[in-house]
Amino acid sequence: MSYELIGISVLWMFLFGYIIIASIDFGAGFFNAYSVLTNKQHIISNIIQRYLSPVWEVTNVFLVFFFVGIVGFFPSTAYFYGTILLVPASISVVLLAIRGSYYAFSTYGKLKSNFWTYLYGFSGLFIPASLSIVLTISEGGFVYIEDSRIILDYLTLFTSPLTWSIVILSLTSVLYISAVFLTWYASVAKDEPATELMRKYALSWSLPAILTATGIIVELRMHNPEHFARLVDLWWMFLISFVLFLITTRLIWLRRSYGLAFHVLVFQFLIAFFAYGISHYPYLLYPHLTITEGFTSEAMAIALIIAFVAGFCLLIPSVLLILRLFLLNKDYIQGKIK
Amino acid sequence: MDNEQAVLYSRMLTELTLTFHIIYATVGVGIPLLIFIAQWLGIKRQDEHYILLARRWTRGYIITVAVGVVTGTAIGLQLNLLWPTFMELAGNAIALPLFMETFAFFFEAIFLGIYLYTWDRFEDQRKHMLILIPVAIGASCSAIFITMVNSFMNSPQGFEIANGNLINVQPILAMFNPSMPTKVAHVLATAYMTSAFILASIGAYRMLKGSNHVYHKKALLLTIKVGLVFSIAAAVIGDFAGKYLAEYQPEKLAAMEWHFDTEESASLTLFGILQNGDEVKYSIKIPYALSILAHGTPTAEVIGLDKFPAENIPPLYIHYLFNIMVMIGMGVTFLGLVYLIGKFLKKKFIHRRFFLWLIVASGPLSMIAIEAGWWLAEVGRQPWVLRGILRTEDAATTSDQVDLMLYLFIGLYIVLGLASAIVLVRMFRSNPIERELADRKGGG
Chain A
1 MSYELIGISV LWMFLFGYII IASIDFGAGF FNAYSVLTNK QHIISNIIQR
51 YLSPVWEVTN VFLVFFFVGI VGFFPSTAYF YGTILLVPAS ISVVLLAIRG
101 SYYAFSTYGK LKSNFWTYLY GFSGLFIPAS LSIVLTISEG GFVYIEDSRI
151 ILDYLTLFTS PLTWSIVILS LTSVLYISAV FLTWYASVAK DEPATELMRK
201 YALSWSLPAI LTATGIIVEL RMHNPEHFAR LVDLWWMFLI SFVLFLITTR
251 LIWLRRSYGL AFHVLVFQFL IAFFAYGISH YPYLLYPHLT ITEGFTSEAM
301 AIALIIAFVA GFCLLIPSVL LILRLFLLNK DYIQGKIK
Chain B
1 MDNEQAVLYS RMLTELTLTF HIIYATVGVG IPLLIFIAQW LGIKRQDEHY
51 ILLARRWTRG YIITVAVGVV TGTAIGLQLN LLWPTFMELA GNAIALPLFM
101 ETFAFFFEAI FLGIYLYTWD RFEDQRKHML ILIPVAIGAS CSAIFITMVN
151 SFMNSPQGFE IANGNLINVQ PILAMFNPSM PTKVAHVLAT AYMTSAFILA
201 SIGAYRMLKG SNHVYHKKAL LLTIKVGLVF SIAAAVIGDF AGKYLAEYQP
251 EKLAAMEWHF DTEESASLTL FGILQNGDEV KYSIKIPYAL SILAHGTPTA
301 EVIGLDKFPA ENIPPLYIHY LFNIMVMIGM GVTFLGLVYL IGKFLKKKFI
351 HRRFFLWLIV ASGPLSMIAI EAGWWLAEVG RQPWVLRGIL RTEDAATTSD
401 QVDLMLYLFI GLYIVLGLAS AIVLVRMFRS NPIERELADR KGGG
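First to last, the protein sequences are chains A and B. Heads up: the first sequence at position 238 corresponds to 238 in UniProt numbering, and the numbers run straight through without jumps. Heads up: the second sequence at position 115 corresponds to 115 in UniProt numbering, and the numbers run straight through without jumps.
These are computed hints drawn from the structure, not numbers from a lab. It cannot be assumed that every hint is accurate.
Quick list of the computed label-pair ranges, beta carbon to beta carbon [as the list claims (entries may be wrong)]: (1) Glu146(A) to Ala310(B): 29 to 39 Å; (2) Ile6(A) to Met327(B): 50 to 60 Å; (3) Asp153(A) to Pro315(B): 37 to 47 Å; (4) Ile6(A) to Glu4(B): 52 to 62 Å; (5) Pro315(B) to Asn46(A): 52 to 62 Å; (6) Val425(B) to Leu203(A): 37 to 47 Å; (7) Met12(B) to Asp153(A): 24 to 34 Å; (8) Val425(B) to Phe122(A): 45 to 55 Å; (9) Asp124(B) to Ile306(A): 44 to 54 Å; (10) Asn212(B) to Asn46(A): 34 to 44 Å; (11) Met12(B) to Val319(A): 51 to 61 Å; (12) Trp119(B) to Leu323(A): 12 to 22 Å.
Taking beta-carbon pairs under 7 Å as the criterion, some of the chain B residues facing chain A (in silico) [as the list claims (entries may be wrong)]: (13) Ile62; (14) Asn80; (15) Glu88; (16) Leu412; (17) Tyr413.
Backbone N, C-alpha and C define an ideal beta-carbon position, used for all residues, glycine too.
Throw the hints in and build the complete structure from the sequences for me.
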């Protein structure tokens, strides 16, 4: 396997990790705010707080990891995407900043007010929307080069149906992933009412999520036929993904094995995400930048891979420790220990 | 927007973000060490006051960490958004330390989460203390790696340039560049020093406001001891940094010392005001001092600004920044020394109001010195973004919306700055140490 393929696979994996963890986080914030709005706070707030508190910081790291990694392995992305994304990425940063810090302020600083809960919950929905713009742009057609300046055509971007399809897909999947996870989490906590409520949310977001995902494929056929053709070649991966989707919803419908349901969901998204990624190969920004053009020197690639392996030897035990202490610790989840 | 304006706004936005981030990043690096020391003393001496110190510092620390994390994410992304050409070039050479910095950050984030949520989980406080070690190591390592990136910008090496492309990249050589040792050491020492004096300020302030608890006296003694050790270290390293500059970046040294003409037995210019470009007024000259500072011998030749073309000379106002940094550094070192001598001789004056006010001032002053030092280091590198390789005006984004983004982030930092200050003040005002001690006794 060539170094650039290792690089992009690792980064794609990380982006996937961020999407799952951040989805849970954004969705949890939203459901929390929504429960305050509908006076159901007493049912799910406890569960959500107990999950979010020890990991809110770790979530952010995944994002930083991804963008530092991509600039490391593919320095040219800094030039292309850096120039294009000034406005959308800055807006994401501001939203992430407000969200992250107000979480800490209200949790540790006792800044208790429903206003912050709403701000936290609803800003969480704008972040996936603003970040997913990158996926739209990478499909090509919105960027042109004039006098060796790279320019993003906002008008075409915001009037394209593809843009809005991807935005809606990001919203529905965030809510779906999060609801399935929290159903499982609440059931481990033996919190019946919270489980029931989250199960209802999970089921009601499952259909919109799968419909919008299918919609993207149709949109791509119009927007980028070449990419669409490669997606169709990978039909079997999407089929597996769809079957896994059916298994998850079925399990939740039957109120059985919520843990298994969540894991199947992760695999469903993993397969679809990698199928999408493979079909995008070899472009980082269609048609201006491919992964071979943008790749760093071999010496740096080797150094980065070594750093990566070493870093992981350090991180994996740490992540296992945090899982053992909090997320997989029944006593903690059930509130028996702090 | 033309290129000149884009460069100006990009510089302003980067400066704004860094200036704001550095406040939180500095305490982010230093405070874990102090929390660790307090917790360790508490266990060793079986003294609940130190454990409480660790606990209360941690509670405030988490608020600063939150802002540090989000502004750190902001500067990380902004480097790519505002300086795409620079990041493309530099990404080829210094991706390794950038990457390692995120690992260190990850490591710290994980263990900080664990530390915060296991206060009452372990019977044995020593286990809990062990969790602080990775937090402190992670925090310091982030500073080390990111400073390596910055030092690369001052003394780039580890690659060759052919037709505008970087070839023969040697990542390790790029990391261990000539300015790295002094920069890293100075950043760490001043971060520990500043954090210690900020915590000392808080203790002194509580005493001024009438809390005469022994807890604050213990806090003061501990923080000032740590602050003094690291302020002395910072001064020693600062001297090495001067020698580094004389060797590798003489134009920066000459600009910050207002050393116009190359000469032997050069004298050091303290204070002063610059008029008409090269007329220095109201300054104090210390004979031979600059030669000693630069080369260690009183008669050595020091290169002056006359050796450089005008377009390669950094702005001369960095002299003022240098004075601010050094004066504050010496001031707080002296203050720490007087306090400890006073304490040793059991003199009463160290708990008098005027002296406590001086201690209150030491924390914010140290932070001003940190900011002045960073502005000095960064402006002193102008007009280069990569010294000798890439000029700042060629590195900025070509995007048209930089001014709007500047206003957006000004708004963000005002909100974050005010909110974090309000939250911190409220947190401690509503729960003074006396009450927390009483609560702990009551609750067992």
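Item checked: Which numbered hints fail -> 4, 8, 9, 11, 17
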